[in-house]
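Protein chains: 2
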Amino acid sequence: MSVRQLVNDPADFVPEALQGLQRAHPGLIRYHEDPAYVVRAGDSSAPKVALVSGGGSGHEPLHTGFVGEGMLDAAVPGAVFASPTAFQIRAAIGAADRGRGVLLIVKNYTGDVLNFRIAAELAADDGIEVRSVLVDDDLATDGQEEGGPGRRGTAAVVAVEKICGAAAERGASLAELEALGARIARSARTMALALASCTQPGQPRPSFDLPDGEIEFGVGIHGEHGVGRRPFGSARELVGELTRPLLAALGLDRGDSVLAIVNGLGATHALELSVVHRELTAFLDDRGIDVARSLVGSYVTSLDMRGCSVTLLRADDELVDLWDAPVRTPALTW
Amino acid sequence: MSVRQLVNDPADFVPEALQGLQRAHPGLIRYHEDPAYVVRAGDSSAPKVALVSGGGSGHEPLHTGFVGEGMLDAAVPGAVFASPTAFQIRAAIGAADRGRGVLLIVKNYTGDVLNFRIAAELAADDGIEVRSVLVDDDLATDGQEEGGPGRRGTAAVVAVEKICGAAAERGASLAELEALGARIARSARTMALALASCTQPGQPRPSFDLPDGEIEFGVGIHGEHGVGRRPFGSARELVGELTRPLLAALGLDRGDSVLAIVNGLGATHALELSVVHRELTAFLDDRGIDVARSLVGSYVTSLDMRGCSVTLLRADDELVDLWDAPVRTPALTW
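Residue numbers (the working numbering), protein chains in the order written: chain A, 1 to 334; chain B, 1 to 334.
Isolated chain A, as found in the complex:
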């Protein structure tokens, strides 16, 4: 049986979805069609450093759902799983800039890194000060070949956007935000697994098949294969497999504190994510690691992939205080 989506012409999928998003949140965001980007609606005259992120579509609510007070000033969506162009990013920088500089939050993928860098250079040529934070939290891609692209950027980007967004509202400088973003990226790692792959709009088959009794471990967010197959198991066993390497990579130990993100990859039910969160907190409780804050939901998706990721960020009072600061976006509000 083939997989169907609620879509018109697949070529129009992303722009039509953005029209629908803007229509649902007219008080929060404005969608600029050509070149395509999403900026905050309403008055943006108060001076602050502007935050701009973006990347391929298919990961919603990332990044367009995180535009608003306390988080991003603009988001730049590419086609599904494809980087936005430098021209789009440059236009979004211009729309977001309030005269105090622009921080780009970039997930570590070759196309994104290249296009955000070109856009930053174009903006600098026009007198806009731009700095970047590279988010590369995916532990599954750690220690791959020398000179390679390095770790992928996945769900830790939500923490970078939320925490730097709060600091920007409080008046942090561009240099301070660059340092804060780098510190979050350094202190966060993610592991993901898939119970079933995802399907591109207009294509009837998933990007890979999984035999009964196996999961894909260490998947990214683009329907690519993970780093290996592992046996299917209980939520408890699978959460342990995801979390153990995170503790090792971050050097987390008894008495440490973390901010945890349990993220659905697209088609994972809220009940399942709640069970994963239960198992994650039990695992960390057992090891004396304090869960200062949790975010549980589907925030960085891979189209309709079944599965989840676990992100841990080493927490301190400053990060938790910024995490708790008000946020008002289509996908995250408190």
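Be aware that one or more of the hints could be misleading.
[What the hints assert, rightly or not] Facing chain B, according to a computed beta carbon distance under 8 Å, are these residues of chain A, among others:
hint	residue
1	Leu6
2	Leu21
3	Ser234
4	Arg236
5	Thr268
6	Thr301
[Claimed, not checked] Coverage of chain A stretches by chain B, computed from C-beta distances (three or more under 8 Å per stretch; other residues unrestricted):
hint	segment
7	7-17
8	59-65
9	271-278
Everything labelled a hint here was simulated from the structure, so no lab data went into it. A virtual CB, placed ideally from N, CA and C, is assigned to each residue, including glycine.
Fit chain B to the supplied structure of chain A, relying on the hints for placement.
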């Protein structure tokens, strides 16, 4: 290939998920394990009418995700797709009651109606004043056999909980809330379609199969068959099929105003729901019907069903004002 979930023993699925939910939102909700219900955390001493809802699990974030300021005071979860017991509901009424009476918000299913009625009688015996609102918005089940169960209750329950919740915070009486809830239920209808069925935890196969090129039209939220098969089509065509009968049933015409809920049934991607919202607003724009407010997301799910529902509620200034009032729950905050 069988369908797998992130679950331990399926018998523990709901209680473990509720433990995980409580752990993610300790400031908002408290999960009482036996009998199982979820109530607001923190101080609940200020007098107001208490709102209690509930029903089978598998529809999350409904209802447990809607407990908090501006919405429910307590939610009572049954097993997956099964009514909670009268004993559970009675306990939740007692935990929620603040001395000004309790409004029960009940989706129209035989088991729920029966158990909420028994619980109301038990509470009344103990001196708690209880009234009920029956939500029966599913147009697919309209006009079925005389003396039958009537229309099912689906996504309009979110509007009843949000709007009555706001009125309760503002001090509305139990009788006023009963009338308001009945008015919302009367003024709202829903139609749903499935592109693929759902799968119960611990069972490897979906509850029904769909041939290529067909959708299930008029589905409910329990994996049951819809009222018929229809050809698969574009989002535009499918939204038209969902919406046309809603306009007829509610007598909506040029100049009228609605509150719209575009609801994912569990495994539908945010981009698809945004496309559906675009098509819905375009359809209503063409007919001169004003969309006063929209809610777009997966709020009343049927486990991992692929598909969506469209709910329209005839709006007026009072309902929109209550809709806009502050809400702070795990799943809905503004």
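Any hints from earlier that this structure breaks? Give me their numbers in increasing order, please.
none
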